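Work out the full structure, taking the sequences as your base and the hints as a guide.
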Amino acid sequence: MTVTMVYFAWVRERIGTGEERVDPPASVTTIAELVDWLALSSPGHAAAFADPARLRAALDQAFVPIDTPIAGAREIALFPPVTGG
Amino acid sequence: MIRIIVQTAPIDLLAEITQAETALERGAGAGAVATFTGLVRADDGVETLELEHYPGATEAALTKVATGAVERWELSAVTIVHRVGPMHPGERIVFVAAASAHRAASLEACAYLIDRLKTDAPFWKRETRGTQASWVEARDADKDAAARWTS
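These protein sequence lines map, in sequence, to chains V and C. With our numbering applied, the first sequence has no gaps in its numbers, which climb one by one up to 532 at the end. With our numbering applied, the second sequence has no gaps in its numbers, which climb one by one up to 345 at the end.
The hints are simulated quantities; they were obtained by calculation from the structure and are not laboratory data. No experiment lies behind these values; they were computed from the predicted model shown. Honestly, I wouldn't trust all of these hints.
Said to hold, decoys possible - Across the chosen pairs, the derived CB separations fall in these ranges:
#	chain 1	residue 1	chain 2	residue 2	range
1	V	Arg521	C	Ile196	32 to 42 Å
2	V	Ala473	C	Glu285	41 to 51 Å
3	C	Arg266	V	Met448	31 to 41 Å
4	V	Ala518	C	Ile199	31 to 41 Å
5	C	Glu331	V	Ala493	19 to 29 Å
6	C	Asp338	V	Met448	17 to 27 Å
7	C	Thr212	V	Thr477	41 to 51 Å
8	V	Asp498	C	Ile196	35 to 45 Å
9	C	Arg266	V	Arg468	36 to 46 Å
10	C	Glu244	V	Arg468	20 to 30 Å
Unchecked claim - Chain C residues, not near chain V, derived (Cβ > 10 Å throughout):
#	residue
11	Ile205
12	Pro283
13	Ala332
Where a beta carbon is used, it is the ideal one built from N, C-alpha and C, also for glycine.
So this is what it looks like as C-alpha cells:
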C-alpha cells in the first residue's frame, strides 16, 4: 500500500522534507505502527519520532487518534500538537 | 453564512466587521455582532512569528469549528479569518465574529470559536528572537478552555 506522508513544524524540520511517498509492509496496520516503521528509515525520522506521545496525526486531512488503522488512507499527516489562534 | 479565510495578507478589521454586519442585515431579526481579535504578542523579545498550516485540512477544520457554533446557537453569520506566514508583534493573527439576534448567543459563540480554533485547527507557531528560532509548545490551558465546550 502506497501512501503520501506529510509533515509539519519540527517533525518536518527533523525529517528534512514536508512530503514523501512510502510503501509500508502489510504488517503495518495503524498510524502508530507506521510511525515505528518510519523511524527506522533515517536518523532524521528517528529524531522526529523519538517521543510518539508528542505526535498528533491526520488521515486524509482529518484529525484522528494515533492508533487509527491506515487501510485505504491516501494521505497521512504527522505533526506536533497545534498552536494556532 | 459561514466565512472561512486563511491568508498571508494583514487582516482588515473594518472590512471583516462590515462583512459580518452586512450578513446580519440580510438575516431576519438580527441585532448583534460579537468579535474577537488576536494580536501577536512580543513575549520575551519575540521579533517574528511565523505561522505554518496544513492547506486544505486547515480550511476543513475551521469550517467544522464554525459549523459547531451554528449547531449550538442561533447565528446568522460566522466569520473566521486566520493569518499565516511571517508576522510581527502587534499585528493581527486571528479574527472571529459571530452574528445573531441578541448579544448572548453572539458573545458565547465568539468564545467558542476562538477556544475551539486553538486546539482543533492545524496551525503551528514558530518564534524568532535574533538568530534563535523555536516552535511554540501547546498549552494545557488552551486544551482546558476548549474542553469546557465538549459537554
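Status of the hints after comparison with the structure:
1. V/Arg521 - C/Ile196: 32 to 42 Å: violated (26 Å)
2. V/Ala473 - C/Glu285: 41 to 51 Å: holds (49 Å)
3. C/Arg266 - V/Met448: 31 to 41 Å: holds (39 Å)
4. V/Ala518 - C/Ile199: 31 to 41 Å: Holds: the Cβ-Cβ distance is about 35 Å, inside 31 to 41 Å.
5. C/Glu331 - V/Ala493: 19 to 29 Å: holds (21 Å)
6. C/Asp338 - V/Met448: 17 to 27 Å: For aspartate 338 of chain C and methionine 448 of chain V the Cβ distance comes to about 38 Å; the hint is violated.
7. C/Thr212 - V/Thr477: 41 to 51 Å: holds (48 Å)
8. V/Asp498 - C/Ile196: 35 to 45 Å: Given a distance of about 37 Å, which is inside 35 to 45 Å, the answer is holds.
9. C/Arg266 - V/Arg468: 36 to 46 Å: holds (40 Å)
10. C/Glu244 - V/Arg468: 20 to 30 Å: holds (27 Å)
11. Ile205: holds (13 Å)
12. Pro283: holds (16 Å)
13. Ala332: Given a closest Cβ separation of 4 Å, the condition is violated.
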